[in-house]
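Letter by letter, the chains look like this.
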Amino acid sequence: MRAVDVIASAVANTFRAKTRTALTVLAIVVGAFTLTITTGLGTGINRYIDDTVASIGADDVMTVTKQAEAATTGGPTEYDPDRTTSSLGGAPGQNLVERMGPDDLDALAAIDGVERVSPVHPVSADFVRVGDGTAYEATVGSFIPGMRLQLAAGAQPDADSAQPQVAIPVSYVEPLGFDDADAAIGATATIGVTDADGLQTTVDATIVAVAEDSFGAGGSSLTPNDALDDALVAAQSVGLTEAQRGAFTQATVWFDADATEAEVDALQQRLDEAGYTGTTVADQLGTFTAIIDGIVLVLNAFAVIALLAASFGIVNTLLMSVQDRTREIGLMKAMGMPSGRVFGLFSTEATTIGFLGSAIGAGAGMLVGTGVSRALAGGLFADLPGFTLIAFDPVSIATIILVVMAVAFLAGTIPAARAARQDPIESLRYE
Amino acid sequence: MAAIASPPTPIITANDVHRSYGRGQNRFDALRGVSLEVEEGESLAIVGKSGSGKSTLMHLLALLDEPTVGSVELSGVDARTLRRGALNRARNQTFGFVFQQFFLTPSATVLENVVLPLTIAGVGRRERRRRGLAALEQLELADKAGTRAVNLSGGQKQRVVIARALVNRPRVIFADEPTGNLDSATGAIVEDILFTLNREHGITLIVVTHDDDLAARCDRRIAVRDGLVVGDSVRSAA
Numbered sequence: 001m002r003a004v005d006v007i008a009s010a011v012a013n014t015f016r017a018k019t020r021t022a023l024t025v026l027a028i029v030v031g032a033f034t035l036t037i038t039t040g041l042g043t044g045i046n047r048y049i050d051d052t053v054a055s056i057g058a059d060d061v062m063t064v065t066k067q068a069e070a071a072t073t074g075g076p077t078e079y080d081p082d083r084t085t086s087s088l089g090g091a092p093g094q095n096l097v098e099r100m101g102p103d104d105l106d107a108l109a110a111i112d113g114v115e116r117v118s119p120v121h122p123v124s125a126d127f128v129r130v131g132d133g134t135a136y137e138a139t140v141g142s143f144i145p146g147m148r149l150q151l152a153a154g155a156q157p158d159a160d161s162a163q164p165q166v167a168i169p170v171s172y173v174e175p176l177g178f179d180d181a182d183a184a185i186g187a188t189a190t191i192g193v194t195d196a197d198g199l200q201t202t203v204d205a206t207i208v209a210v211a212e213d214s215f216g217a218g219g220s221s222l223t224p225n226d227a228l229d230d231a232l233v234a235a236q237s238v239g240l241t242e243a244q245r246g247a248f249t250q251a252t253v254w255f256d257a258d259a260t261e262a263e264v265d266a267l268q269q270r271l272d273e274a275g276y277t278g279t280t281v282a283d284q285l286g287t288f289t290a291i292i293d294g295i296v297l298v299l300n301a302f303a304v305i306a307l308l309a310a311s312f313g314i315v316n317t318l319l320m321s322v323q324d325r326t327r328e329i330g331l332m333k334a335m336g337m338p339s340g341r342v343f344g345l346f347s348t349e350a351t352t353i354g355f356l357g358s359a360i361g362a363g364a365g366m367l368v369g370t371g372v373s374r375a376l377a378g379g380l381f382a383d384l385p386g387f388t389l390i391a392f393d394p395v396s397i398a399t400i401i402l403v404v405m406a407v408a409f410l411a412g413t414i415p416a417a418r419a420a421r422q423d424p425i426e427s428l429r430y431e
Numbered sequence: 001m002a003a004i005a006s007p008p009t010p011i012i013t014a015n016d017v018h019r020s021y022g023r024g025q026n027r028f029d030a031l032r033g034v035s036l037e038v039e040e041g042e043s044l045a046i047v048g049k050s051g052s053g054k055s056t057l058m059h060l061l062a063l064l065d066e067p068t069v070g071s072v073e074l075s076g077v078d079a080r081t082l083r084r085g086a087l088n089r090a091r092n093q094t095f096g097f098v099f100q101q102f103f104l105t106p107s108a109t110v111l112e113n114v115v116l117p118l119t120i121a122g123v124g125r126r127e128r129r130r131r132g133l134a135a136l137e138q139l140e141l142a143d144k145a146g147t148r149a150v151n152l153s154g155g156q157k158q159r160v161v162i163a164r165a166l167v168n169r170p171r172v173i174f175a176d177e178p179t180g181n182l183d184s185a186t187g188a189i190v191e192d193i194l195f196t197l198n199r200e201h202g203i204t205l206i207v208v209t210h211d212d213d214l215a216a217r218c219d220r221r222i223a224v225r226d227g228l229v230v231g232d233s234v235r236s237a238a
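Chains as they are written, first to last, in our numbering: chain Z, 1 to 431; chain D, 1 to 238.
In short, the hints are calculated from the structure, not lab data. Check the hints yourself; a few may be wrong.
What the hints assert, rightly or not - Pairwise CB distance ranges (calculated): (1) M320/Z <-> H210/D: 33 to 39 Å; (2) R2/Z <-> G202/D: 29 to 35 Å; (3) R83/D <-> T399/Z: 39 to 45 Å; (4) P8/D <-> A12/Z: 42 to 48 Å; (5) G146/D <-> V368/Z: 39 to 45 Å; (6) L367/Z <-> R83/D: 48 to 54 Å; (7) T370/Z <-> G146/D: 40 to 46 Å; (8) R2/Z <-> R83/D: 16 to 22 Å; (9) V4/Z <-> S184/D: 42 to 48 Å; (10) V230/D <-> A8/Z: 45 to 51 Å; (11) V304/Z <-> T147/D: 42 to 48 Å.
Predicted, not measured: the structure shown is a model, and the values here were computed from it. Ideal Cβ placement from N, Cα and C applies to all residues, glycine included.
All chains should be built: construct the whole structure from the sequences, respecting the hints.
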């Protein structure tokens, strides 16, 4: 029997007992549907996180701070007038980091695996305005090469450009006097900063992009390119001593973009030994992603249980089918059908049922999932543009269908083996 | 019967075959030493009461079963020496089967039922259709090719079964009570078809029956009782 005939007759046999097949298929549909939705949920959320990670920072950078000794010991710390600490968030006394200077830059650059190091000078802007319009309070974020903002208009700020460029959040478009996001592109924004002497100066920059709100960067802060960042730092450093200018609390360290997770861990270990703390973007989001993955895993487990139940349905359906067709099987074997082909016939039938169930289930899951996320995007998640709760990628859909077919095949082996073992004489005598 | 100068190899030979079922106390000897030669082109009736072992003998001759003791040869080749694949091929290409209970797939069309041996043999779709229609033509059923088997009368069903037995151009047709489920008029028609095939196409016919009239039409008649051949008579030339 040719393979094509095996498939053709398996498909034909599948539809012979329509009610029985329909019910079995339905059971698989439920499992495949659930699996599609839960996987889609994981895909959607993780895709959004990935996009956001790109807007928070590039993959090959680490934020480095110097560990303050006091942070690790108990009790009160002896006052040292030469050492200033600054608290980065959290309760006072927690997360203490030490100021760093040029010596630290050299020390960091010497650590194995560090390709480049640059100090981070936090810029605190007073306001932003366009022309003579109203000035609004604003914060300034940082833009690291390789990072990608989610844009409503314009292009990513050019890190290498000598021209000061800025990306403004979409919420600033109207207050700054633009009709829409596109109208803002190319306009000049004026950013005001206060220097060490308390005098206010301004820096002009070209608006090259309007960034979407997201829970990453770009949400409510201006994103400058390097040229603008340097200009702002220079403007606010007027009046500082040389030593003060060289001081900073955070540095950005670049490492090999192809570094494996283990290599990054090793680098963090070396930084730690040298007295520094390195944090990658992945670290910052790691816990979050791990929780999402955990939830999706649990949801998928439910879907798999549903599929498991459905696979017993397949076993049952096909056992009945083998029983019904005892004489037909006997006849085929009497006519010289090899046992292997009989096995193939029934396991193909099981796989066909699996394919039907998974294709219908995945199709329905995609329809419902798309509908639900579209509805939610306009409602519950209206503040998170670009966020699709349930997203689908062809690879995972294909994987689901193939996995369900494989499960169905496995379930089918029991009845198929029984059919293949049948003795033609006994089968033909069977009433 | 005309004398033959050098007798050709019998198409099927059974050498002292025994067939037992079960063990020990429950052992049942269905056949207790049967030797038999079936010549190519003859028509042979195996008669006996139910339980006599005639069906078991047919199963052994058709290579559907293996003797407990003894051997069955197909064209002089011991069936035990054949590999499973060769055995399947022999059954598929050398034998055709006609059963009392028809064994048609009710939901499939007449043509699909008829070409089943060809499908199993791996013959292409177009060739299957051509040969299936030719076999149906021969049995005057060509107009029923697309009908579902369930919608046929008993006589039509048995003709479909004969078409199925014929479609692979077998050398031997085994018929197990071919007229058992038919009224006498229809049964006579089916008998005529079988004997025509035997006479005109030289297909060896082995009929298992307890119908004396049917057995009387065969060239040779073998009576089986309690697992032994008790009579082997050749019909006197008409």
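Taking the hints in turn, this is what the structure says about them:
The hinted window of 33 to 39 Å between M320/Z and H210/D holds, with their beta carbons roughly 35 Å apart. The hinted range of 29 to 35 Å is satisfied by R2/Z and G202/D, whose Cβ atoms lie roughly 30 Å apart. A beta carbon spacing of about 41 Å between R83/D and T399/Z agrees with the range 39 to 45 Å that was offered as a hint. One distance hint, 42 to 48 Å for the beta-carbon pair P8/D and A12/Z, holds here, with the actual separation near 43 Å.
About 41 Å separates the C-beta atoms of G146/D and V368/Z, a value consistent with the hinted range of 39 to 45 Å. A C-beta distance of roughly 53 Å is found between L367/Z and R83/D, which places it inside the suggested range of 48 to 54 Å. For T370/Z and G146/D, the Cβ-Cβ distance of about 43 Å falls inside the hinted range of 40 to 46 Å, so the restraint holds. A C-beta distance of roughly 21 Å is found between R2/Z and R83/D, which places it inside the suggested range of 16 to 22 Å.
For the pair V4/Z and S184/D, the supplied restraint of 42 to 48 Å holds, since their beta-carbon distance comes to about 44 Å. For V230/D and A8/Z, the Cβ-Cβ distance of about 49 Å falls inside the hinted range of 45 to 51 Å, so the restraint holds. Separation of V304/Z from T147/D is about 46 Å and conforms to the stated range, judged on CB atoms against 42 to 48 Å.
Of the numbered hints listed earlier, not one is contradicted by the structure.
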